[in-house]
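Asker: Turn these sequences into a full structure, and let the hints steer you where they fit.
Residue numbers (UniProt numbering): 1 to 232.
Just so you know, these hints were derived from the structure itself, not from any lab.
Since the structure is predicted, the reported quantities are computational estimates derived from the model, not experimental observations.
All C-beta atoms in this analysis are idealised placements derived from N, C-alpha and C, irrespective of residue type, glycine included.
Relax, there's no trap hidden among the hints.
If you anchor each label on the Cβ, the simulated ranges turn out as follows:
1. Ala96 - Gly75: 20 to 26 Å
2. Ile86 - Val18: 40 to 46 Å
3. Tyr226 - Gly51: 38 to 44 Å
4. Thr209 - Ala96: 22 to 28 Å
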Amino acid sequence: MAQAQTSVTLYGVADAFVGYFGNSEGQHVVSMNSGGAGGSRWGIRAKEDLGGGLSAIAVLESGFNINNGTSGQSGRLFGRRAYVGIDSRDFGQIIAGRLQTAGYEWGGTFDPMLLAAASPLGSIGGEEPRPWIFNMLQDPARQDNTIQYSSPTWHGLNGTAAYSWGNNQGLQNATHYQLATLTYANGPLLTSYGFGHSLQPSASIARNTYEHVLGVRYDLSFVALYGSYQVR
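Answerer: Here it is in structure tokens:
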């Protein structure tokens with residue numbers, strides 16, 4: 001009789017960069033920052049084999065600024081991710097907690113710089129960094145009070161659906177989010193469609209926002225081609 005397997009992994013990334021920033025008015029600054037190619041972080045990943053193709057999973061991930069030692073995500077202990085869930089070999093995965101949104105994960109797939117500070121998508125207008133992908137769910141990269149289902153892959157096709165009650169303990173007035181993605185992979189081709197919806201019931205007039213995105217990536221071995229389209 002096979003014995004259940006348990007694994008706990010401690011991981012991390014430390015990333016510092018010195019950048020030159022300028023604008024059309026001739027102002028410029030040279031500064032050191034954290035997270036040039038990816039956010040600095042440390043985390044714990046746990047997995048417990050429950051048998052029958054089922055596993056209990058958990059992730060706790062904390063962001064920090066390597067240039068000054070401060071915590072990221074407004075000082076949260078595990079501000080990047082904190083979730084528990086069940087993973088099934090046959091039926092997919094369901095997780096709940098504070099998650100990186102499916103929209104953020106989707107954007108990283110179709111950005112050759114993985115949404116880093118050096119990414120072209122990270123410098124396109126707006127007050128928020130990476131406004132293109134943040135806009136998919138009304139600007140959050142991560143959401144509290146979120147539940148997400150990811151399907152297994154069938155003949156190259158898989159999907160993800162998520163629902164969030166928002167980053168607000170007063171859930172009745174919090175902004176609610178729904179997001180779904182459908183992805184197809186076949187050899188060098190990867191393409192995906194994403195749909196996002198947010199509802200702000202606390203506004204004077206309840207506001208609905210809808211987002212549609214389409215991404216394509218094609219790997220030619222010596223170079224990879226990326227393309228994406230967004231409409232709101």
